[in-house]
Each structure stands twice: as structure tokens, then as C-alpha cells.
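Novice: So you can see what is in the structure, the chains are spelled out below.
Number of protein chains: 4
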Amino acid sequence: MKNKRGFASDNYAGVHPEVLARMAEVNPGHEVAYGEDSETERFNEVVKELFGKDAVGFPVFNGTGANVVALQAATKRWEAVICVESAHIHVDEGGAPEKMAGLKLWTVPTEDGKLSVEAAQSQIFDVGFVHRAQATVISITQTTEMGTVYQPEEIAALADLAHANGMLLHLDGARLSNAAAALGKSFKEFTTDVGVDLVSLGGTKIGAMAAEAVIVTNASTPRGKELAEAMPFLRKTSMQLASKMRFFSAQLNALFENDAALALANAKKANAMAQKLYSEVMEIAQSHPGISIPNTAEANAVFPIFPAEITEALQAEYRFYIWNQATGQVRLMCAWDTEEEDVAGLVGLLRELVGKN
Amino acid sequence: MKNKRGFASDNYAGVHPEVLARMAEVNPGHEVAYGEDSETERFNEVVKELFGKDAVGFPVFNGTGANVVALQAATKRWEAVICVESAHIHVDEGGAPEKMAGLKLWTVPTEDGKLSVEAAQSQIFDVGFVHRAQATVISITQTTEMGTVYQPEEIAALADLAHANGMLLHLDGARLSNAAAALGKSFKEFTTDVGVDLVSLGGTKIGAMAAEAVIVTNASTPRGKELAEAMPFLRKTSMQLASKMRFFSAQLNALFENDAALALANAKKANAMAQKLYSEVMEIAQSHPGISIPNTAEANAVFPIFPAEITEALQAEYRFYIWNQATGQVRLMCAWDTEEEDVAGLVGLLRELVGKN
Amino acid sequence: MKNKRGFASDNYAGVHPEVLARMAEVNPGHEVAYGEDSETERFNEVVKELFGKDAVGFPVFNGTGANVVALQAATKRWEAVICVESAHIHVDEGGAPEKMAGLKLWTVPTEDGKLSVEAAQSQIFDVGFVHRAQATVISITQTTEMGTVYQPEEIAALADLAHANGMLLHLDGARLSNAAAALGKSFKEFTTDVGVDLVSLGGTKIGAMAAEAVIVTNASTPRGKELAEAMPFLRKTSMQLASKMRFFSAQLNALFENDAALALANAKKANAMAQKLYSEVMEIAQSHPGISIPNTAEANAVFPIFPAEITEALQAEYRFYIWNQATGQVRLMCAWDTEEEDVAGLVGLLRELVGKN
Amino acid sequence: MKNKRGFASDNYAGVHPEVLARMAEVNPGHEVAYGEDSETERFNEVVKELFGKDAVGFPVFNGTGANVVALQAATKRWEAVICVESAHIHVDEGGAPEKMAGLKLWTVPTEDGKLSVEAAQSQIFDVGFVHRAQATVISITQTTEMGTVYQPEEIAALADLAHANGMLLHLDGARLSNAAAALGKSFKEFTTDVGVDLVSLGGTKIGAMAAEAVIVTNASTPRGKELAEAMPFLRKTSMQLASKMRFFSAQLNALFENDAALALANAKKANAMAQKLYSEVMEIAQSHPGISIPNTAEANAVFPIFPAEITEALQAEYRFYIWNQATGQVRLMCAWDTEEEDVAGLVGLLRELVGKN
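From first to last, the protein sequence lines stand for chains A, B, C and D. So the first sequence is numbered by this note's numbering: it starts at 1 and just counts up by one. So the second sequence is numbered by this note's numbering: it starts at 1 and just counts up by one. So the third sequence is numbered by this note's numbering: it starts at 1 and just counts up by one. So the fourth sequence is numbered by this note's numbering: it starts at 1 and just counts up by one.
Careful: at least some of the hints might be erroneous.
Straight-line distance between alpha carbons at most 30 Å, and here's what the computed DSS-like set of lysine-lysine pairs gives [claimed, not checked]:
hint : chain 1 : residue 1 : chain 2 : residue 2
1    : A       : K76       : D       : K225
2    : B       : K185      : B       : K225
3    : B       : K225      : C       : K76
4    : B       : K225      : C       : K225
5    : A       : K76       : D       : K4
6    : B       : K76       : C       : K53
If the Cβ cut is set under 10 Å, some of the chain B residues that face chain C in the computed set are [unchecked claim]:
hint : residue
7    : W78
8    : K236
9    : M282
10   : T327
Think of the hints as simulated: they come from the structure by calculation, not from any bench. For glycine and all other residues, C-beta sits at the position ideal for the given N, C-alpha and C.
Kindly generate the complete structure, drawing on both the sequences and the hints.
Specialist: Here's what the structure looks like:
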């Protein structure tokens, strides 16, 4: 199955050709290392185009790095973070937030991957009480780990809650472009404009090789300035500072220049494939009670429930992950390079298997 | 001066074309993320070719990452590391070893960047005494931060000291290829064969975009096995795990396949340019008492002392760092892409300036 | 209300006179600091008397210190701990396990404060998968934070689960004496004998001034030896090493010598008062539907639900904590010095208030 | 030799009877735990009496705890501390500052244990440069680890340097009372009044059982307020929060009430014994070239150099530490309970041994 496109993860995909081309383009000659290069200067302009004139950005290597750097900037040594139980920072980062930043994560359950205001509120108590790790950041993921998408007003409500309690709102945007494509809105409209303080901007899953960035959405306020000033030091001590940074900025520029043209094109493609997959599987589900899809597919992931033998047979041809062993729910993730033929192939096999059963 | 080649650092240089080509080559199609790809499999073979059949390697993003991951594997939560005062882990990593790994560094002074057995020995005392952070790793840099190169027997002596005290020897090989080229020896001959337990293998400075690896030289021993088993977890929690790892392994493979052919060619070039620079400056120094070179240039760096006004005038044309403000010592670093014309240009300007004075 | 005995916490109580006397007794003259004194030597014998001949103990200052030291010894740098959501290490230590030891806590819900085998099992998955912080310790509290007591066979089942998965079982015994009194069993019978690897032995709540100890129950095994060897270093770096340790060992000796005679007497007293309180409140609850006690009171704490106005009126006279603002559940904790008159006082006031309503 | 008074350490001594008495005095009845008790309230007044009306204090268990809590408050996650090579925080805390607070210590050599302005200045460079851990605290010890005492103007000069660079000055006062006695000055005159921002106030070595405190000297400034607000959280997460705090405050109150009357009396006694020891050994040294005392004894420690065989013979009778194996320098520490007969005993034995030689 080597090199065959499957539905396991959007980071099984390669690098978009335009990204590779940009990396080759910035290669000739010497440039000052560690970010004082012209390509990184350009990235700083791109950040302002996307997140507003007071935004500043800091390229890092990967998503865990972006999240851990951002959360360190937002917390004092003893503070904590509120997030959902399925949050990437809680379940998929090997404990890096705890180990590297000493952070307690106060988690709340969620069905659809979204954090509600009520759920977040439930973890804000015993303020000033030393026995309780003090939550000072709310962290959400957009698109969520369950393939859903927060509406701007949902984010605004969480930002209001955070700010009313002297807290910050962090948004893990490993799939921010998929969210923008799904919402039909600019990044700014559902981050800076609705009160998000810190964004982990994802490049890798949407066509980069390895490039993410921490965005401080508003460095013009005292708190924003403090965040922005902390970032270079935290990036360095968190081992996320690239010496030849121009190549990381180049990846981000290729994706996010021109109002994120390439990233959004990639995202639309991936989302569209997921919509197609969703519709087709829903159709099959009509006549097969063992098959269902609990959540709508709002971006580039579909989470159907299949009978175990169906899953097994599908996995013989296509890579994808079983999300919940108990319920049989699986995750089908579409990437920027997922093609109609891939969806057709999987769906065809599913129909075939279902017919057999 | 944008894009003009200077002598500031070997990471001001770009990526070698063969490395870029290899990255493009591994791009098509999907591959399993996080290292279970064919290119990383190939890298594991390359590691064995270079460091011996029991060696295993773990690609990471950067040198600080490699060092901090390696040192964490080698130490218990409360243990310490012996190194020289000029060690990169001590002075150039923003405190990452302390902050991220909780490590105490016991430092000893050195003139030429090398750690002597006597100096290392001087920090091994109060063994078992809880008030003293227990040193259990000796960490050296090859080539050193002062441009010198350890002979294999010097490394062997430090390995013997380490092992006689139940400690490990770590070698920060950010410029391992320059050392190999200078010594005319294979990596294995001055690492695995002389008792080095852990190597931080540098790719970035010798032509990669961003790629280093932690090498466990002998995973066949119980201790080596333990190191090798710890590494994937430490790499993950240290935020050094690339999702699209094939592109990092590709960089390393391009450099280190065929007995490190490309890396060694690049290193020989850089070293030769430094030799040339050294000879020319030494010649000028004969007749100009304000100019001298305290240490020999054994690899790709030269550390001359210039009068302040000379340094200033040179820096107007060529980027390089002042190493010691007090003595006027500067660092001239040659990269894999430094050309004879660059050396000739700098030396010509120096002669011109000296003539004026 | 200064100095009036209430029901807020067993650490609102003072020091038992015999403990104070022992501290005065060991005062004269000089003794070697940091634990090489005769009183600490005696404590080591006491530990063997209580936990078995292969047990070793390490006095520390407080319960958080005991837990964090013990858990660090039991985990590698990247590992995690399974516990219940109400565990003291999760909710009452200000995030110290995360901040100081970098530990991820994998929590499971519980009604009665006890961790079931099924619940613990539910967190053991993705073993060897770097994205998931690897749980290698199960941590339980005896008596639990809800006033219940694990039966020895329940602990044995958790120990079996832990060991079958290569994990350790840690028991937070801040109220170990109350458990022993409730069970009518020696410490050893429900720790060492049933497979507990590490115990945080509580002294403070049962009559000491400030003295706890980490117990390695079996230092004769390779893993136990490793734990025991780590402990002095972890205690030191965790800032839990008393210079004049004789005074801390004296407290522990006063309580735990002679088969923990004083600690058990104190515990029986506290437990009996809680039983009395439980019976009286249950009697009142018969005829007052707004009053109930969801869990049985198995040791020295009772968790009744009171109407808000009752709670308020009671708190005007007696200190105690509201445990759950939503349900009106409160915590009434009896200490070693709680007297029948205190219980009678509270119950009398409750009857009076209830009559009014 | 059990219980015989020697010269090993001032923490080999017991607890002063007045301190024990005060602990017994505060014992009856219940008091709110964790510092909301009347004895701790009294301690807060004592702190203001000693360090000025804007000072606030936080009792902790031990000196390492005081230092690590104070330094965490004074630094951001990535910052560093300047101190001398012989500083307790560097060599005697098992690496706790690095492990628990992630701190890099930038050390400078010193002969007499004092940090000079020039030496401190030498470590303030590359400000704002991410590769260098940014020093934002200067930490000194009073009395120093070599038995010398800073004059107030020396401290003022270091405070000025710190503040001119936006840094804080921390003073490790494990032996602050010995310094006050030696200087004939109040604590305030050589801390608050000369610009010290944070003090680790030592109680244990001067007659407490285990009690130190972190003092913020001026909580009326924005920075001081910030320090004071951080302290309770850092004390908790650093496992330094005593539940029955009244007993720790009682120790401190016994020592430091009435202008530190008891602490100063104890210190004067210890210092006087050291002076006596110094004079006697100096007299012997006149006629015995193998014996010398490099530094003056300004407080309660004397650091003579003895021939190895003399040291060995003395140690057969009196406990003390060899400070420098290479030079034969030993440390003779006088405690609050050192008596003239102890000094006479040691000196008599020395004379006897010297006569023999």
C-alpha cells in the first residue's frame, strides 16, 4: 500500500508543489539565521494581512510545539488550562504540556468536540485558592478533533467568558484553513475579531512539509505585547527555533500569501471530498442499520460507525484509524490531495462489502 | 548585503541542491506519518552503515532538540552533566537543558574548547551525596565551539573515564562531518569505536534545511536498549517529532548515504576554505602585531584577533561574529558553500585595511 | 471562633501531646543532620515493623511532598498516572504533580472516591504509542477523599492490574491510620501484603505537627531497590529534606511505634466520632427529606447534604467545608481531638435548626 | 560521639528551648490550616517590624524551599540567575533550582564567597538575545558560604546594578541573624534599605526546628506586589505549604519577635565562639607553618587549613567537614549552642597534636 492515498491523516499527504517550489526559490545565497531573513520578514506581513495589523507571528516546527509555546506564554508557572477531554493538547501530545510547561489541564467532556460556555464555566471556581491550579487560559481547537467547526459567535462567547475572568483564549488551529473554508470566512473574522488571543496556525496538514506558527492576534495591548515579547524566548527554550528559518517562512508564505489562497484551495478540496464521503456513506447508512454517522462532517473529517468486519475489510485496502474501539467509530480524514477517485474507491468497496453482508 | 556569503555561521548558508532534490523525490503519494515511512527506514540503515550495526537513530528538528532529547535519555530526573564552559548546551541554547530537562550542567574552563580528562575528573566527586547534583553524563562537542577537533584517543580517554564512573559519554556532533573530514576518519572510528554512547548528528550546518538525529551507538547492551526505548517518547514530549518525517529522513539520507559522501564533500570544502583563511591571516599576522590567531584552525572555523577598527571595517562588508569583546577575538566560519572568492575577498579587504593602518 | 474545634479538617487540630513530648525528648545535643541521626534510624525500624522487613521509609514535610516524591520515583520523565477525578493529587495540590514532576494524570470519574479495576483498566490503552502519555502508575487514596475505605481485596485487584501491565501501585495514605482503624487491620495487611508498591504515610492529620513519609514496601526486588535508591535524591531536589530530621522522625516514631499505637488510638477516636455524627444525622434525615447522606461514613468523614440555610446557620457556629455547591453536600471531618461534646453540639444545633424549619 | 557538640554544621544543633516552648504554647485547640491562623498573622507583623512596613513574609519548610520559591517568583520561565560558584543554590541544593524551577545559574568565581559588582556585571551581556538564558536576578548569600559578611554598601551596589538592568536582588539569608549580629545592624538596614528585593530568612540554623520564610521587602511597588501575589501559589506548587502552619510561624515568632531578640542572642553566641576559635587557631598558626586561615572569620564559621594528619586526628573527636580536599581547608562551624568548653576542647586537642608534630 506504499504511497497509496488513504484516509488515515492529512499528514500522510506530501508537500504541495508550490510549497516545495517556494523553498527552492529562497535557497540561493546566505541569509541571517534564526529569523532575521527577508522571507520571515515577508511572513510577518502575511500575518498582518490575515490576522490584522496588530498581529505578530512566530514560525515553529510542529503543532505540539506551537501549542506548548503559546500556552507557556499565556500562563504563569503555576497556572492551568481549560480544554475538552478530546483536545489534542490533552490526548495526543504525549503529555508535553504537562512535562514541558508544567501545565495542569482541566478537562470537560464533550460529544462533538466543542467546548461550550457552560462547560468552560464549570471549571472556573476556587479562584485565588492555592490548592486549585488556577485556570487562566481556555484552549479550543478549530476545526475540532471531531470534525466539527465552531461558529464565530461560539468563539466570541468563549472569549468573553475568558476575558471576563481575566483569562486568555487560545485556539489550536492545526486545521484553521479547513475551518475558514467551511465557514467561508477569513481567519481574522473567527479569531482576532471575536477575541481569540493566541492562535496555533497550522501549515503542515494543509500542504507544508513542517511549518506552523504561533500568532499573537493583538500585540498592541499591554498583555499582547507581553505575549509577543515572551514568544522568542519560549520558542528557543522549547527547541522550536529553526536556524535556517527562511525555509519555514517560505512554506507558510506559499500557503498563506494572497489571503491564504493556496491553503484555502487545499482546504476546500479536502472539505469537499469529506462532504462527498459523508453523503455517500449516509446514503448507504439508510439501508444498513449497522452503519451510521453520529456527527455531521463540517470540514475534512468524517466519523462513521462501521461493523467491525466492514472496518477490517476496508482497512485491507485503505489506511484509516479506528477512533473508538467500543462503538466501532472510525475516522476518515481527507487531505489536500485526496481525489474523487479515492473517495469513489472507498465508497465502492464499502457498497461491495455491504452487499455481501 | 542580502544573500551575500559571509563568515557568520554555517547556518546562514542554504540547502545543498542534492538535499532539496531528495526532498522533492520523496514527495509523491501518502506515507505513514511520524516515522513509519520507507525513507526513515532507509535512514535507519544509513545509521548502521555509519555508526555500526547496533546503532539506531532518531531524526529531530534541530541541534538543541537533539542535545536535550539525548541528555534526558541519559539522565534520571535529578542528574547532571559535565561539559566545558563554552559548550553549546551551556551558552547557546537559551537554558533549554535546565528548563526543559531540569539538568544541572557542571562546567569546567577550557582554552581550546576541549574537555580534558583531568577537568572532567575534577567534577566527579561527592558521588551518592544528595546535596550535589550527581553527574552521570560527560558531554563534549566535536568539532568544538573553538574550531578544534578531538583526536579519537582523546575521546576514548573521556569514554573510559565516564564508563569507569558508571556515566555515559555524549557527543554533540553539530559539525560531526567537519570533524570526520578533518580527521580523515569515518564517524564510527571516533564515536562508536571509542566508546561514545550518544551522538547528536548534525545535518543542518552541513547542507540540510533542518535535520539532525540522536544516535544511540550501541542498542545491543541493556543500557543502550534502554536509551533507544526512551528516545521516541522523549522526542515526542520534547516536541521534536515531525509528522511528515520522510522529508527529514530524506535530508539526512541525501547527506549521509554512501558513507556520508555528500556531507564529507561539503565538510572538506568548508574545512579547506578555513585552512586557506587561516594561512592567509597568519601570513598577514607575521607583520602586524595587532593581529593573531590563538588556536589552530582544525576544521571550518578560524578565530583571529583583530584590532577593533579592522573588525568594524570588515563587518561593513562581511557578516561575522565578535567572539570576545574584551580580547577582540572574532569567529570566521566557513560553510559548505563558501568559495575561494569569498576568502579572497575577505583577505583582500583585510590586507587593504592593514595597509592603511 | 478561634481555637474552637470544628469539622473543617483534621489538620485544623493541633499536635498530640505525646508527639510534642517526643520532639522535646530528642532535642538535647548535636545529631548529624539530614537523616543520619539515631531517631531516624529508629524510624527505619518502625517502618519495617509496620510494612514488613523489606520496607524502607523516607520522612518528608507534607503530603503533597510525599506524593510528588513517590510518583517521580515511579515514573520516567514522560510517564503518567491513573487516578480518580477527586484524587488529592489531581484537585488539591495546586498542580504540583504536573508542575514539579511533569506528570500527566489520567483521571476517571467515581461516585464514592474509589477507583475500580474497570475504571483503571479503561485508561490503559495505546501502550507504546508515543502520542499518548504512558500510564505506569495507578494511584489510589486510602481512606478516599469521600470518606470511604478500600477493602484489602479491592487493593489487591488494583495491584494485580498494575503489575500485569508492568505498572506500580501507589497509595496516598494521608489518612492511612483511619483506614487501619476502620478495617481493624495492620498497615501491612492492606499495603505490602496486597501488592502496594509505594505508600505516602500520613502523620500530620493524625496528630503530628508536620511529618509524612514515603514508604517503599519492598526494597528487596530490583524495582523496589531502584525506587529506594532514587528516593533520597528526589526528596532533596523536591525540597523535602529536613536538615534537623530527628524532629520529623520523632513525630513519626511517637505515632507509629508499638504497632502504631498512638496513631491508631487517635484514628479510632476520630472514626468513632464520625460514626456517631453519621448515626445522629441519619436519624434526623429520616424525618427531614432535605437532609441525606449519599455515602456511608467508613472512617473519620461524613458527607451529608443539607439545605443551604441549614448549612449557613451551622457554619456560624462550626467551621466545615461545602463540598459541592450544586448539591449542597458538605464535608464534616472529625480529628483525633474531636470530642463527644463537639458532635453533640453540632447535632444539637442541627436538631434545633431543623425544628425551626 | 552521639549528641556531642562538634563543628560540622549549625543544623546539627537542636532547637532552642524558647522555640520549643512557643510551639507547645500554640498547640491547644483548632486553628485554620494553611496560614490563616493567628500565629501566622503575628508573624506577618514581625516581618514588618524587621523588614519595614511594606514587607510581607511567607513561612516555608527549609532553605532550599525558600530559595527556589523566591527565585521562581523573580523569574519568567526562561530566565536565569547570577551567583557565585560557591553559592548554596549552585552547589548544595542537589540541582533543585534547575530541576524544579528550570533555572540556569550563571556563576562567577570568588575567593571569599562574595559577589563583586564587576563579577556580576561580567554576566550581564547579550541582553535580549534568545540564545543566552537571560539573567534577571542576582542572588547573594549573607553570611556567605565562606563565612564572610557583605557590608550594607556592598549590597547596595549590587542592588543598584540589578535595578539598573531591570533585575532583582535576592539574598539567601540562611544565616541572616549571624550577619546582623556581625554587622551590628538591623535586618532592614542591610536588606530593604539597601535595595534587596527578596530575602530567604533563615530560622533553622539559628535555633528553629525547621522554619524559614521568603520575604518580599516591598510589596507596595507594582513589581513587589506581583512577587507577593505569586508567592502563595509558588509555595503550594513547590510543596512548601505547611497545613498546621501555626507551628512554623511560632518558631519564627519565637526567634524574631522583639527585634529578633532570640535570634540575635543566638547569633552573637555563635559568632563569638567562632571569633574565639579564629584567634586561638591564628595564634597556633604563628608558630606552625602548615596551619593557616586564608579568610577572616566574620560570623560563625572559620575555614582554617590543617595538615591532613591533624585533620584526621581532630575528626576522631569532633565532627566537621573538609571543605577543600586539595588544599586541606576545613570548615569549623559554630552553632547557637556551641560553648566555650567546645572551643577549648578543640583548640586544646589541636595544640596537643601540633606539639606532637
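Novice: All the hints need checking, so say for each whether the structure fits it.
Specialist: These are the hints, each one checked on the structure:
1. K76(A) / K225(D): OK: K76(A) and K225(D) at ~15 Å, within 30 Å.
2. K185(B) / K225(B): The hint holds at about 27 Å.
3. K225(B) / K76(C): holds, 15 Å
4. K225(B) / K225(C): holds, 21 Å
5. K76(A) / K4(D): Judged against 30 Å, a Cα distance of about 48 Å means the pair is violated.
6. K76(B) / K53(C): holds, 28 Å
7. W78: holds, 4 Å
8. K236: Holds. Min distance 4 Å.
9. M282: Violated, about 48 Å.
10. T327: violated, 38 Å
When held up to the earlier numbered hints, the structure conflicts with 5, 9 and 10 and fits the remainder.
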